[in-house]
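Take the sequences, apply the hints, and build the full model.
Residue numbers (this note's numbering), protein chains in the order written: chain A, 32 to 361; chain R, 32 to 361.
You may find that some hints are simply not true.
Remember, identical chains collapse to one label, so a pair may be satisfied in a single copy or spanning two.
Derived pair list, reagent style DSS-like, types lysine-lysine, alpha-carbon separation capped at 27 Å [said to hold, decoys possible]:
#1 Lys-196 to Lys-207
#2 Lys-272 to Lys-84
#3 Lys-69 to Lys-196
#4 Lys-69 to Lys-272
#5 Lys-196 to Lys-84
#6 Lys-69 to Lys-207
#7 Lys-207 to Lys-84
#8 Lys-207 to Lys-272
Everything labelled a hint here was simulated from the structure, so no lab data went into it.
Each chain, letter by letter, is given below.
2 protein chains.
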Amino acid sequence: MTQSQVAPVTLSVVQAPIAARLPAVQAHLRHVVEADFKLIVDVNSHLLRMQGKMFRPTLVLLADAAVGEPTERAIPLAAAVELVHLATLVHDDSVDHSVLRRGMPTINSLFSHQVSVIMGDYLFSRAMIELVRIGDMHPLHVMSRVTNDMTVGEMRQLLAHDYLKFTEEDYDLLIKAKTASLIAGACEVGAYHAEPRLRDALGRFGEALGMAFQIVDDLLDYTEDTSVTGKPSGLDLREHKMTLPLIAALPEMSEAERQAVTRLMQTPEPSEGQIAEVVASVTRTGGLEYARDRAQRLSLQAERELEELPATPAREALRASISYVVERRR
Amino acid sequence: MTQSQVAPVTLSVVQAPIAARLPAVQAHLRHVVEADFKLIVDVNSHLLRMQGKMFRPTLVLLADAAVGEPTERAIPLAAAVELVHLATLVHDDSVDHSVLRRGMPTINSLFSHQVSVIMGDYLFSRAMIELVRIGDMHPLHVMSRVTNDMTVGEMRQLLAHDYLKFTEEDYDLLIKAKTASLIAGACEVGAYHAEPRLRDALGRFGEALGMAFQIVDDLLDYTEDTSVTGKPSGLDLREHKMTLPLIAALPEMSEAERQAVTRLMQTPEPSEGQIAEVVASVTRTGGLEYARDRAQRLSLQAERELEELPATPAREALRASISYVVERRR
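Shown next as structure tokens:
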């Protein structure tokens, strides 16, 4: 077997058709968050240092290029979408009391809970200012709906700790709202100038992609360690969060295994041993396989949506983004 | 002296020209925050029970009526402005760890820190959805700027604890951003359909009114107790927050008085006695008088701005709102 056959799709393959435009998005992002207030400047520079893979701006730019000639407006739109994403991360970390994000300290741990609440609001309102400046009502419509969906997702997340009641249906509603809405929004916003048929197909593509993205995230929490993901492994179990692998595994478990889950869920600070025991049960009873299979089915669904689009390098990059999402390790 | 000469202007006088429209604003508000998710429904019903004086919606409706025939759009605009206000209160209480608001438990104390962060985001994004639905770019422009200003105000608030460095100029910037921006925004948004000359005059009116509003709030913290204001008295000193009375008083204090302030600021949980001592010094050295005088000067400035407007009952109600703000006890 040659190297190329097993190599997963890298982000650079996905970004290839729009890579030349990403620095402009980053520059625009820096410009939009600018402030003349030292504390905000400090938080911003930390946030921009911890900046991630620009996956959502990539989708905006690819959607833009997939429906016609690349537009100038896609740059500020991509920056606004990433800004909403950053705002959400800052509030999520504050809500979860997370200490690490992408291997770096979170705003709440480095500054304070107060600063993270305010800073999330700051970034979000800056994104809105930027969308207003762009002056088209459609992206404003999409992004205000998306941010609202994400708050409902965060509320649903609070209930994902009741492991006896949280079903796969609840999980689907949660990941649609929390993760898939913004990824779908990025695709829709990128295609804001396209005919509704293409825009809607891209929206559906983004929703399936976003759900697969979150399922893979939740899988990685079971399978990868800190050195790879930049956050503690087994964190969801440690925080008593129900995700798909455990939801799927529970009915297949022995009584003794289920009791171990109950004990873990009732222990405020579960030990490494407890976590390892439940991870082993979830693996043995096919929870990981089940989640991988769901991600695969969502991938196929996302791929089908792309058939609506004309054949372009941007469409092929969107197709590659599916493999990237499903095969990634972090 | 007869009763009428000393009676302060009541809110019902201010609201008289638009009182018939306020129930529609409240109904619209309930409609806009609606959710099919139980936790959100529960938080909403608590929030709507604790709902305040509808002062900002009143300003929207008065500004609307002061520049021409009352418009239909003023109702949803007023609801959106109140919603942004509610969102801000929820996050402010979370940032300050406040337990009481208008004599009722705050969202963070009744539910949790998590719920209050998410719920603030929920309300804010609902307001944005509503502004997008209204479909005019100008209110979106004003409200996204205002919400951003308020976050900068909250950041400035975090620095208001350094009592040796926090000047009256810092205080002015703080209250402009934190409080006056939304009150000015309410006036501007209400007049969104008016000629710029009137809209700008109403914006400046709102800024002066809003600054006076915050100064009076900060004064009440020195002069009124829980039974009147619905929150603990002396709270700002207890939380080591610098406000105008103390800023103005400090240079007039004796060395011993200043040392008492230093001790209070260095005590994590100051005693009632310590607080009473500093309140007495601030009173003796004219800090309260100074703040009252600033509020008065801002009132005159607000009144002058109203001269731009045609003589209408709405304009007279706006004039009455100045007295209401400056004379209120809670």
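Status of the hints after comparison with the structure:
Proximity of Lys-196 and Lys-207 under a CA criterion of 27 Å is satisfied intra-copy only: 19 Å inside one chain copy versus 48 Å between copies. Taking the closest pair of Cα atoms, Lys-272 and Lys-84 come within 27 Å of each other only inside a single copy of the chain (25 Å); across copies the shortest separation is 40 Å, beyond that limit. Proximity of Lys-69 to Lys-196 under the C-alpha cut-off of 27 Å is restricted to the inter-copy arrangement: shortest distance 15 Å between copies versus 46 Å within a copy. With identical chains, the CA atoms of Lys-69 and Lys-272 are at most 27 Å apart between copies only, with a shortest distance of 19 Å across copies and 37 Å within one.
With identical chains, the CA atoms of Lys-196 and Lys-84 are never at most 27 Å apart, being 35 Å at best within one copy and 41 Å at best between copies. Proximity of Lys-69 to Lys-207 under the C-alpha cut-off of 27 Å is restricted to the inter-copy arrangement: shortest distance 18 Å between copies versus 37 Å within a copy. In this homomeric assembly, Lys-207 and Lys-84 come within 27 Å of each other (Cα to Cα) only inside a single copy, at 21 Å, whereas the closest approach across copies is 38 Å. Within a single copy, Lys-207 and Lys-272 get their C-alpha atoms as close as 16 Å, which meets the 27 Å cut-off; across copies the closest is 42 Å, which misses it.
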